[in-house]
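Per the working numbering, the sequence shown starts with residue 57, numbered consecutively.
I should point out that these hints are in silico values taken from the structure, not numbers from a laboratory.
As the structure is a computational prediction, the values presented were derived from the model and not from experiment.
Misleading hints may appear alongside valid ones.
Per label pair, the in silico range of CB-to-CB distance [unchecked claim]:
{"no.": "1", "residue 1": "Val98", "residue 2": "His150", "range": "11 to 21 angstroms"}
{"no.": "2", "residue 1": "Gly112", "residue 2": "His212", "range": "16 to 26 angstroms"}
{"no.": "3", "residue 1": "Ala197", "residue 2": "Ile264", "range": "31 to 41 angstroms"}
{"no.": "4", "residue 1": "Ala249", "residue 2": "Ala208", "range": "16 to 26 angstroms"}
{"no.": "5", "residue 1": "Trp110", "residue 2": "Ala257", "range": "38 to 48 angstroms"}
{"no.": "6", "residue 1": "Tyr256", "residue 2": "Ala208", "range": "22 to 32 angstroms"}
{"no.": "7", "residue 1": "Tyr256", "residue 2": "Pro216", "range": "33 to 43 angstroms"}
{"no.": "8", "residue 1": "Arg214", "residue 2": "Asp263", "range": "38 to 48 angstroms"}
{"no.": "9", "residue 1": "Arg177", "residue 2": "Arg134", "range": "18 to 28 angstroms"}
The beta carbon of each residue, even a glycine, is placed where N, CA and C say it ideally should be.
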Amino acid sequence: MKDMGLEGVIRGKKVQTTIPDKSQPCPLDKVNRQFYAPAPNVLWVSDFTYVATWQGFVYVAFVIDVFARRIVGWRASRTANAGFVLDALEQAIHQRRPAQDQLVHHSDRGAQYLSIKYTERLAEAKIALSVGSVGDSYDNAMAETINGLFKAEVIHRRGPWRSFEAVEYATLEWVDWFNKRRLLEPIGNIPPAEAEDNFYAALERSDIAA
């Protein structure tokens with residue numbers, strides 16, 4: 057990916073996109089606002105936001121691994137249906153191949169994340185489903201933070217946006233930059249990819265020593 061000249065900024069105003077589906081049973085909240093994971097592929101959080109373009113709204117979904125805040129799946133769409141958040145999940149599962157019965161997936165109460173297809177896919181992959189119990193932004197704070205950084209570092213800075221294709225390509229560039237070069241203070245002012253590499257290197261050294 058080319059260097060876009062991006063730099064980190066403080067998150068700005070949040071955008072609410074959650075439309076609860078009260079007809080669907082709400083799973084338990086297994087996270088309780090404790091966004092910590094001791095290793096990769098232990099806890100993922102998911103959310104989506106929207107971008108105004110000259111051709112209409114574009115919706116962008118992210119799946120984030122909590123351990124190093126790495127974006128492991130994403131998708132842009134012209135419609136906010138369950139299919140596009142499922143596509144982001146499929147990308148995450150394909151890339152990460154998480155061990156069965158060891159991963160929790162957390163989201164808000166949005167109808168997309170409680171849809172039959174989405175919950176069935178999680179069950180098929182043996183990923184535990186967790187949903188915020190109260191239904192405000194704090195219940196999915198880490199995903200909201202990533203959305204806020206995306207809006208501040210790409211959307212507000214480089215707009216106005218002409219088309220779906222422009223947003224999609226800019227998101228592709230930003231995700232690559234965010235994962236590989238964006239310094240994050242909560243993980244020691246290093247990029248998410250480096251934090252994960254350090255974890256696996258330390259694990260390998262520990263196995264050799266044992």
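Go ahead and decide if the range 16 to 26 angstroms is satisfied by the Cβ distance of Ala249 to Ala208.
holds, 21 angstroms
Within 18 to 28 angstroms or not, the Cβ separation of Arg177 and Arg134?
holds, 22 angstroms
Does 11 to 21 angstroms hold as the CB distance between Val98 and His150, or does it fail?
Given about 18 angstroms between the Cβ atoms, the range holds.
Does the Cβ pair Trp110, Ala257 satisfy 38 to 48 angstroms?
At roughly 46 angstroms between Cβ atoms, Ala257 and Trp110 fall inside 38 to 48 angstroms, so the hint holds.
With 16 to 26 angstroms as the target window, see if Gly112 and His212 comply at their CB atoms.
Given a distance of about 18 angstroms, which is inside 16 to 26 angstroms, the answer is holds.
Using the C-beta atoms of Tyr256 and Ala208, is the stated range 22 to 32 angstroms upheld?
holds, 30 angstroms
Range first: 38 to 48 angstroms. Now tell me if the beta carbons of Arg214 and Asp263 are that far apart.
holds, 44 angstroms
Could one say that the CB atoms of Ala197 and Ile264 fall in the range 31 to 41 angstroms?
holds, 37 angstroms
C-beta pair Tyr256, Pro216: status relative to the range 33 to 43 angstroms that was hinted
holds, 41 angstroms
Of the numbered hints listed earlier, not one is contradicted by the structure.
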